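One line per chain: the protein sequences are A and B, in this order.
The first sequence begins at 1 in this note's numbering and counts up one residue at a time.
The second sequence begins at 348 in this note's numbering and counts up one residue at a time.
Do not rely on the hints blindly, as some may be mistaken.
[Unchecked claim] Between beta-carbon pairs, the in silico distance windows are:
hint, chain 1, residue 1, chain 2, residue 2, range
1, B, Gln733, A, Val177, 45 to 51 Å
2, A, Thr91, B, Thr693, 16 to 22 Å
3, B, Arg863, A, Ala92, 36 to 42 Å
4, B, Pro573, A, Ala174, 29 to 35 Å
5, B, Pro741, A, Leu79, 38 to 44 Å
6, A, Phe175, B, Ala611, 26 to 32 Å
7, A, Leu179, B, Ala383, 50 to 56 Å
[To be verified] Part of the chain A face toward chain B, derived, beta carbon under 8 Å:
hint, residue
8, Thr76
9, Ile77
10, Thr78
11, Pro89
12, Ala92
13, Leu94
14, Thr99
15, Leu284
16, Gln289
17, Pro291
18, Thr308
[Claimed, not checked] Calculated Cβ distances over 10 Å to all of chain A for the following chain B residues:
hint, residue
19, Ala379
20, Lys385
21, Glu441
22, Pro446
23, Arg458
24, Pro500
25, Asp549
26, Trp588
27, Glu635
28, Ser735
29, Gly767
30, His834
31, Lys842
32, Gly888
33, Asn889
Rather than coming from a laboratory, the hints here were simulated on the basis of the structure.
If you're wondering where the values come from, they're calculated on a predicted model, not measured in any experiment.
Cβ atoms here follow ideal geometry from the backbone N, Cα and C, with glycine treated the same way.
For reference, the chains in residue letters:
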Amino acid sequence: MSGAELLPAVAWDEPALPQEPARGYWASACRKLARDRTAMTALGVLALIVVACLLAPLYADRVSHTDPFASNLNGTITLGGQDVAVMQPSTAGLGLGVTPIGPTWRWGPYLLGADTQGRDVAARLLYGGRNSLLISSLATLICLVLAAATGTIAGFFGGAVDRVISWLLDVLWAFPVFLLAISLSIVLISHGITIGPIDISAGSLALPILIIGLIYVPYVARPVRGQVLALRRSEFVLASIGLGMPDTRILLRDVLPNVMTTLIVFAPLMLALDMVAEAALSFLSIGVQPPDASWGTIIQDGDTLLYTRPIVAAAPGIAIVITVLALNVLGDGVRDALDPRSKVRVR
Amino acid sequence: MALASSGRRFGLAAALLAGASLLAAAPGARAALDPAHKGGTLHLLTHAPEGTLDPQINYTLKNWQLYQFLYDGLVAFQKAGGSAGFKIVPDLAEAIPTPTDGGKTYVFKLRKGIYFSNGKEVTVDDVVHSFNRIFRVSGPTAGTFYADIVGAPECLKKPAGCTLPGVVGDAANDTVTFHLIAPDAEIMDVLAVPHASILPADTPDKDLGTTAAPGTGAYMIKSFDPAKEMVMVRNPHFKVWSEAAQPDGYPDEIDYSYGLTDEAQITAIENGQADWSFDPPPADRLAELGTKYASQVHLTPLTAMWYVPFNVNIEPFDNKDARQAVNYAIDRNAVLKIFGGPALGTPTCQILPPGFSGYEPYCPYTKNPGKKWSAPDMAKAKALMQSSGKIGAPVTIITEDTEVSRDIGTYLQSVLNQLGFKASVKPISQDIEFTYIQNTKNKVQMSVTQWYQDYPAPSDFLNVLFSCNSFHPGSDASVNIAGFCDHKIDADMQKALTTSITDQKAAASMWAAIDREVTDASPVAVLFTPKHVDFVSKRVGNFIFNAQYYWIMPQSWVK
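Same shape as in the complex, but just chain A (with noise of 0.2 Å):
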């Protein structure tokens, strides 16, 4: 008998350090994530919602037949065979007052109603979800690309370069992250701003998508930059440095793709959170500018309407409610396919 066989079978653990995924790696959160129903029906809803939102041209075009931008105070639509005015002038009492056109709840003009200007308010709707997932979207995207780049950067060269990188996200963290927003908003919203050859205009969406991008970089370059410093000390890593490949290509190739997880983690996430400050902003009248549409100007404008119209907030808030929530347990899913054993929460 061998000295071997008189050794007991030992399972070796796995290293306690993160190791570079495998190939087999996104092929299996893919099926994980496939198989997880609740987070399948939030990824189809949010589908709908960004197709029906994409179809807006086409809804004011064919069914609304109205210009949803502009104002249609004197407008009339035929129902139930009668011409009814968009806007309807009191007759009762002392006359007073006029109230836009309820829901027909009908496939056609006003299905959700008018607005105080005599607009469609479905049609708003859609082309408010157009401009309020494109501002999230590219903004989550801004967001992430920055604190990826703060994040690994301050995390594999430490020293100066992560102190001075961590006091600029302490800086910006430190500001209660609405008042921030708002107080960059005001700022810009008036005169627009140029950035060396780039001159972004005052109305321009450019200008919020900047702004929510740039406020929400602390919330994920922060985990990124932890994720780094661990990374760092493994055991590829030291090799790669070892072998004296170069820094940057240390980070593109064992680095960064290991970050993925927790960008990819993240995005929906911060895309719900997007979406929430887009429609403050524009509520507060410095996010989206009229004659533009967001879900947050909509609920502004529907915020004059709440005892006769109700609907008109209504109908934007359900939206916001339902998209987030969307996300959010999208995010929980993607999370679990991807890294089980993650913290990472959004606080």
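Chain A is already provided as a structure; the job is to place chain B on it using the hints.
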């Protein structure tokens, strides 16, 4: 004066229209105070305060409505309802003097025994100083209302420390003599408005801001926090010297609270938590008020206008075709729907309001131009835009951050975009909007605002809003917001003012012609003449609407 964010002016025109009001104000002489109702606190609401407390600078209805019972002038508009409210009566002066020297000299004898709220007796020195101060603080009407006082032109050029040789006090005889450059048919009107309030001689020659000057009125400002409220209490040194000019009031205290939204204000009044709101009720509550709370609603036609000043000195509205294009394109019925419906106003094109002296119906900016506005003429508007060469020009519309003003701005944005402009709307705080749009440094191209009669004279609309003297570049007090200055029209206005001294009928015709001239020049787009909606709580009794200053608050009781 502008209403919500500017001053309001009441005048004879409102009195003439009193018969058309749904709930007419009580006419005629005032009844004595009923002691059974004396006491309690009147709770008023508004979105925000409007500018300085200085009565010689503030030019907003919101404050002028308060000044009627906080301050006094040599004369005053009678504190009575209906057309009686336009009558000018002696106030701090014993009587209204008959002019001498061809109408250029007035000698006022000051009443004795009237005290400011700081306990100091009113003297001739206080009167002289007050009129000098109108110029020293560069009051918004120094160059219009008081320009006929001898020495006024020099004071307008060099206001700091100036002294009007045309206002002479005689302490021994308690008289103040006014010498005018030329006879002025409106001198009593301008002496009756709050800019001519008599303040203590030691009042600093600068904008008082949030500090209240002592006054002689039945009430005084006890405290003022522009973020929270103004508290007014009875003036401890007040005694009634003229029921017509300055009567005593019912409530012991009047609180004016800030910060609630329009919706919350209406709900508070419905619940009895407040008694009245200065701000127009939000559009979506009007139907409710007009049905469920009809007995608490008072509707009164006004001599006023909602209008859109164009800045005629900067792009793109330095071009007359561009201005007229907007005038033709605006659907004034649509704007009225935003305001609350046809029951609350009348579409109009011209400057002078209906029923006003010199008013002759005129509307060029409509389909089938003639006397009355009927419909927008978009074809004509687009043709004018083509000839203007201003297609594609960016325009920012400044509005108040109130619901109606903002919605009118959004509607106008839609109209401008249809015409080919690139329009945007910028709502700003009601507290600063009126002064903001007056200051040329802000380069405001177009705004939404209102104008209410200061006193019952056509010059109060035409001369005050469109004369060269009313345009002060770089100043917050430049009520000629459009920056319009036509010397020929100016000369016509001076001629009309002079003619009105001797021949009111001829002057009225002249003002009608000037009204047409200014309307055609299109420095503004007049939208509609409004009716005023006062919604009061159930406990408010004896509601009196004065054509000059609207609701006379202290004359209503809450007990």
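Against the structure, the hints come out as follows:
1. Gln733(B) with Val177(A): 45 to 51 Å: Given range 45 to 51 Å: holds, Cβ gap about 48 Å.
2. Thr91(A) with Thr693(B): 16 to 22 Å: holds, 18 Å
3. Arg863(B) with Ala92(A): 36 to 42 Å: Given a distance of about 40 Å, which is inside 36 to 42 Å, the answer is holds.
4. Pro573(B) with Ala174(A): 29 to 35 Å: holds, 30 Å
5. Pro741(B) with Leu79(A): 38 to 44 Å: About 39 Å separates the Cβ atoms of Pro741(B) and Leu79(A), which means 38 to 44 Å holds.
6. Phe175(A) with Ala611(B): 26 to 32 Å: holds, 30 Å
7. Leu179(A) with Ala383(B): 50 to 56 Å: holds, 53 Å
8. Thr76: Violated - the Cβ of Thr76(A) stays beyond 8 Å from chain B, reaching only about 13 Å at its closest.
9. Ile77: Interface hint status for Ile77(A): violated (16 Å vs cutoff 8 Å).
10. Thr78: violated, 20 Å
11. Pro89: holds, 4 Å
12. Ala92: holds, 5 Å
13. Leu94: Since chain B brings a Cβ to about 4 Å from Leu94(A), closer than 8 Å, the hint holds.
14. Thr99: Status holds, d = 6 Å.
15. Leu284: violated, 11 Å
16. Gln289: At 6 Å from the nearest chain B Cβ, Gln289(A) passes the 8 Å test, so the hint holds.
17. Pro291: Since the shortest Cβ distance to chain B is 6 Å, the answer is holds.
18. Thr308: holds, 4 Å
19. Ala379: Ala379(B) is indeed farther than 10 Å from all Cβ atoms of chain A, at 32 Å.
20. Lys385: Given a closest Cβ separation of 32 Å, the condition holds.
21. Glu441: Since the minimum Cβ distance to chain A is about 45 Å, Glu441(B) lies beyond 10 Å and the statement holds.
22. Pro446: For Pro446(B), whose nearest Cβ neighbour in chain A is about 46 Å away, the distance exceeds 10 Å, so it holds.
23. Arg458: holds, 44 Å
24. Pro500: holds, 39 Å
25. Asp549: Fine: 41 Å to the nearest Cβ keeps Asp549(B) off the interface.
26. Trp588: Since the minimum Cβ distance to chain A is about 40 Å, Trp588(B) lies beyond 10 Å and the statement holds.
27. Glu635: violated, 7 Å
28. Ser735: holds, 21 Å
29. Gly767: holds, 14 Å
30. His834: His834(B) is indeed farther than 10 Å from all Cβ atoms of chain A, at 36 Å.
31. Lys842: holds, 42 Å
32. Gly888: holds, 20 Å
33. Asn889: holds, 21 Å
Hints 8, 9, 10, 15 and 27, counting from the list given before, are not met by this structure.
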